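Dock chains B and C against the given chain A, drawing on the hints supplied.
Residue numbers (full-length UniProt numbering), protein chains in the order written: chain A, 1 to 322; chain B, 1 to 283; chain C, 1 to 304.
Just so you know, these hints were derived from the structure itself, not from any lab.
For clarity, every value in this text was computed on a predicted model and none was experimentally measured.
All residues carry an ideal CB built from backbone N, CA and C; glycine is no exception.
Mixed in with the good hints, there may be bad ones.
Claimed, not checked - Looking from chain A toward chain C, a few residues come up when the C-beta cut is under 10 Å (computed):
1. Lys9
2. Gly41
3. Pro150
4. Met162
5. Leu306
Here is how the chains run, residue by residue.
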Amino acid sequence: MTSPLLEVKDLDVHFGALHAVRAVSFSVAPGETLGVVGESGSGKSTTMLAVLGLHPKRQGTVTASRLEFDGEDLLSKSDRAMRDLRGRRVGLIFQDPLAALNPLMTVGRQIGEVLVRHHGLDKHASRAEAVKLLERTGVPDPLRRAAQFPHQFSGGMRQRVMIAIALAGRPELLIADEPTTALDVTVQAEIVRLIRDIQQASGMGLVWITHDLALMARVADRVMVMYAGAVVEEAPVDRLYATPRHPYTAGLLGSIARLDQPRGVRARAIAGTPPSMDQPIGGCAFAPRCPLRFDKCTVAPPLIPLGDGVRAACWRLSGEQA
Amino acid sequence: MTGFSNRFLIGHAVGIAGVAIIVAAVAIAVFAPLIAPVPASQIDLHARLVPPAFVEGGSAKHFFGTDNLGRDILARLIYGSRISLAVGTAAALLGAVIGSLMGILAGYFGGRVDAAISWFVDVQLAFPFTLLAIFLLGTLGGGFYAVVIVLALATWVNYARVVRAQVLTVKVQDYVLAARAVGVGTPRTLWRYIFANSTAPIIVVASFSTAQAILTQAALSFLGVGIDPSIPSWGAMLNDGREYLQKAWWIATFPGLAIALTVLGVNLFGDWLRDRLDPRSAR
Amino acid sequence: MSYLTKRLFRAILVLLGVSFATFMVAQSTGDPIALLVKANATEEARAALTSHLGLDQPVLVQYGLFLWRAIHGDLGQSFLYNQSVVGLVADRLSNTFLLALSAFAIALVLSVTLGVLAALYRNTWVDAAITAFTMVGLAVPAFWLGLMLILVFAVIWQVVPVSGSEEASSLILPAITLSMQSTARLCRLVRSGMIEVLNADFIRTARAKGLFEGRVVWVHALRNALLPVVTMAGLELGDLISSAVVIEAIFAWPGIGRLAIGAVSSRDFPLLQGTVLVSAFCFVVINLFVDWLYQRIDPRVRSA
Numbered sequence: 001m002t003s004p005l006l007e008v009k010d011l012d013v014h015f016g017a018l019h020a021v022r023a024v025s026f027s028v029a030p031g032e033t034l035g036v037v038g039e040s041g042s043g044k045s046t047t048m049l050a051v052l053g054l055h056p057k058r059q060g061t062v063t064a065s066r067l068e069f070d071g072e073d074l075l076s077k078s079d080r081a082m083r084d085l086r087g088r089r090v091g092l093i094f095q096d097p098l099a100a101l102n103p104l105m106t107v108g109r110q111i112g113e114v115l116v117r118h119h120g121l122d123k124h125a126s127r128a129e130a131v132k133l134l135e136r137t138g139v140p141d142p143l144r145r146a147a148q149f150p151h152q153f154s155g156g157m158r159q160r161v162m163i164a165i166a167l168a169g170r171p172e173l174l175i176a177d178e179p180t181t182a183l184d185v186t187v188q189a190e191i192v193r194l195i196r197d198i199q200q201a202s203g204m205g206l207v208w209i210t211h212d213l214a215l216m217a218r219v220a221d222r223v224m225v226m227y228a229g230a231v232v233e234e235a236p237v238d239r240l241y242a243t244p245r246h247p248y249t250a251g252l253l254g255s256i257a258r259l260d261q262p263r264g265v266r267a268r269a270i271a272g273t274p275p276s277m278d279q280p281i282g283g284c285a286f287a288p289r290c291p292l293r294f295d296k297c298t299v300a301p302p303l304i305p306l307g308d309g310v311r312a313a314c315w316r317l318s319g320e321q322a
Numbered sequence: 001m002t003g004f005s006n007r008f009l010i011g012h013a014v015g016i017a018g019v020a021i022i023v024a025a026v027a028i029a030v031f032a033p034l035i036a037p038v039p040a041s042q043i044d045l046h047a048r049l050v051p052p053a054f055v056e057g058g059s060a061k062h063f064f065g066t067d068n069l070g071r072d073i074l075a076r077l078i079y080g081s082r083i084s085l086a087v088g089t090a091a092a093l094l095g096a097v098i099g100s101l102m103g104i105l106a107g108y109f110g111g112r113v114d115a116a117i118s119w120f121v122d123v124q125l126a127f128p129f130t131l132l133a134i135f136l137l138g139t140l141g142g143g144f145y146a147v148v149i150v151l152a153l154a155t156w157v158n159y160a161r162v163v164r165a166q167v168l169t170v171k172v173q174d175y176v177l178a179a180r181a182v183g184v185g186t187p188r189t190l191w192r193y194i195f196a197n198s199t200a201p202i203i204v205v206a207s208f209s210t211a212q213a214i215l216t217q218a219a220l221s222f223l224g225v226g227i228d229p230s231i232p233s234w235g236a237m238l239n240d241g242r243e244y245l246q247k248a249w250w251i252a253t254f255p256g257l258a259i260a261l262t263v264l265g266v267n268l269f270g271d272w273l274r275d276r277l278d279p280r281s282a283r
Numbered sequence: 001m002s003y004l005t006k007r008l009f010r011a012i013l014v015l016l017g018v019s020f021a022t023f024m025v026a027q028s029t030g031d032p033i034a035l036l037v038k039a040n041a042t043e044e045a046r047a048a049l050t051s052h053l054g055l056d057q058p059v060l061v062q063y064g065l066f067l068w069r070a071i072h073g074d075l076g077q078s079f080l081y082n083q084s085v086v087g088l089v090a091d092r093l094s095n096t097f098l099l100a101l102s103a104f105a106i107a108l109v110l111s112v113t114l115g116v117l118a119a120l121y122r123n124t125w126v127d128a129a130i131t132a133f134t135m136v137g138l139a140v141p142a143f144w145l146g147l148m149l150i151l152v153f154a155v156i157w158q159v160v161p162v163s164g165s166e167e168a169s170s171l172i173l174p175a176i177t178l179s180m181q182s183t184a185r186l187c188r189l190v191r192s193g194m195i196e197v198l199n200a201d202f203i204r205t206a207r208a209k210g211l212f213e214g215r216v217v218w219v220h221a222l223r224n225a226l227l228p229v230v231t232m233a234g235l236e237l238g239d240l241i242s243s244a245v246v247i248e249a250i251f252a253w254p255g256i257g258r259l260a261i262g263a264v265s266s267r268d269f270p271l272l273q274g275t276v277l278v279s280a281f282c283f284v285v286i287n288l289f290v291d292w293l294y295q296r297i298d299p300r301v302r303s304a
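So that you can see chain A by itself, here it is in the shape it has in the complex (with noise of 0.2 Å):
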């Protein structure tokens, strides 16, 4: 394995009382796409954007042990070190590209304003560099295009142009937060196929969240599974599709509905409501809720590694540590 280009080791946040993401590890390295999935609530956008310092220092605090992007610590890193940062070497993308574009810029300023930022282009030079990526990122007609405003683009050419701001710093890192959850199915494939081909092209490391565990199958190389603020599971994208270790990711695996199950079997939420996050949670935070819950599970299980870089928080696991 190459050096990781995103590593994040014990992360914490926390907003007042509220502890939204708890002890979370992963990293990511180059050309690779991490996929994050999780419940709304989970903790896993507040883990990307804690990550890139984009929680108003007023409302959270962000712990971890380790903190690094290519080697550089990023938590002893100043505010202007990490403007420096974001939208140059690491790019995002969000869920709904309507509420998440200027409505008051026309888009070709939206996107150029990162090159004049990051790469000292001026205006007129920005301006036809923003062009280009608008062409790079299949909108038709992207000249006059530019000159638009993100009202008079469909959903899909929205989000089109929200990848085109993201990759205008050229990032090495580029995380999509639920990229197509707010588009209609034809839309979601293209937009899908769009991200994948300019990953393999520039091989940037990539981090995909989403609840959505049917795109995940067909995105990620390995896929990291959080419940109530924290890992449950990390395996690799097979490994987890065809041997789910902890008892949530089976649950989630058995409650989307397969094409190829049998006709009659439906599929199976699973019972209850994940924890309130502003309480301490005593043991395993899936508890309540797990079929498996025996007397061990007060105490809260760590990660246990598996093998074959799987690793699963479940005292049912322990007898079979790798």
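This is chains B and C only, laid out in the frame that chain A set:
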């Protein structure tokens, strides 16, 4: 989340302060004859332009001093609260009646009725209000009721907006449609549900309208338009004090403070109420 | 119909309503002939003037005549000044506009600065102080504030003239006085708009792009937060003109307010009517301009 709860508590304290100011002002107005040291219009030419008690040359007999005719400022302030509060609340109430009715008509009938009412609103808003008030009171005559009616003109639009929006939401609710389907009169249903749902926002609008009416009434009295200037009112006192600004600053100063404090109380109450009703606005 | 055509059409309808309302109120002031002719005038003279002015016609015809003359810039003669009403009002209105626009400029600068600060330092003492300032600003009667400013700056310190319009510095106190309420109202609007916009997704995008905070706040957030301010600008300017009427009385500023009050006390109804009508006309035109401006600023309205 200490920041949140602090702000929440401070919000409550501020709201209670507003209510306290309103209660105090109403009590003063109601019990004016019992509280006032002397009758408001009692002239004492031997004690003209006496400074307030806490200033050099002041007398304990006249706590806030006296005016150019030797009338006691404190007594006039106490009696003056009556006009301000009476006009303010009466105008807000009349505005509420007119505005609610217009809002219901606009929301319920929609189409041309709605367009006509919104045209009416636009026409009214096109007049600079003070000028319109001077015009109406100057041509049609003044007096307490005239002032109340003219000030209600300034406030009804706010109510109409709130009530119209409420009608539009309620109109399409299932229970109204169901009631209509079984032949129960829609106006009856609407009336009941609209008032169940819009009392709170109407009270919010009423508090801001009262504040607005108190300020405008004072301005009109200050200009000598509307209410008979011989009746003690804060606006008229300010007008009297204007002439003596250099010699006797206290005549104009205290009525202004009285207006500001009353309006502040009403506004604080209104803000607090709105924040409680709509947590989104409590930022 | 385009957005602006619709607006123009609406403005014309509003002006018709305004002129009709003004006309009807003025009608009720009684027989204008009694005011126009000497008490000992002959019956024939009265009748001649009545028919000359069209007063023997039905009310609607009279209104038509009134409108026809108004469109041609004839709103009658002022008894008090013995001049054409339109000329008088136009002259004074420019003074009122100077005052109102100066106050508006002050209000804009102050409210945007304070509103943005309050939003950025939300829930801190900065925010609390600015909020307290706006609450006081909303409660203090403008005319009283004017008197107090005169007391402090012109009587005690004697740094600015008490009243009049001869020097540029005589504009300072009335403009500040007039701006107070608008500043407070707009400040609250900017603050809440800014707080909402700063939480918007596109602000997160701007930060994710690595833009400097100055650009995020003053370019991305502020422009969006100002949209409600622009919407309110027309009404606010109307309010300023309305309040200017009172402020003019304090500072002896020769605007339409003093004209109107003079007209009331000398029962000069044509002048009063003209003052009201012309101010309303200007207000409608201002709002048309604001609509146009809004459409220039928000591209979503432009193509809607």
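Review point. Any hints this thing doesn't respect? Which numbers, in order?
Key: 1, 2 and 5
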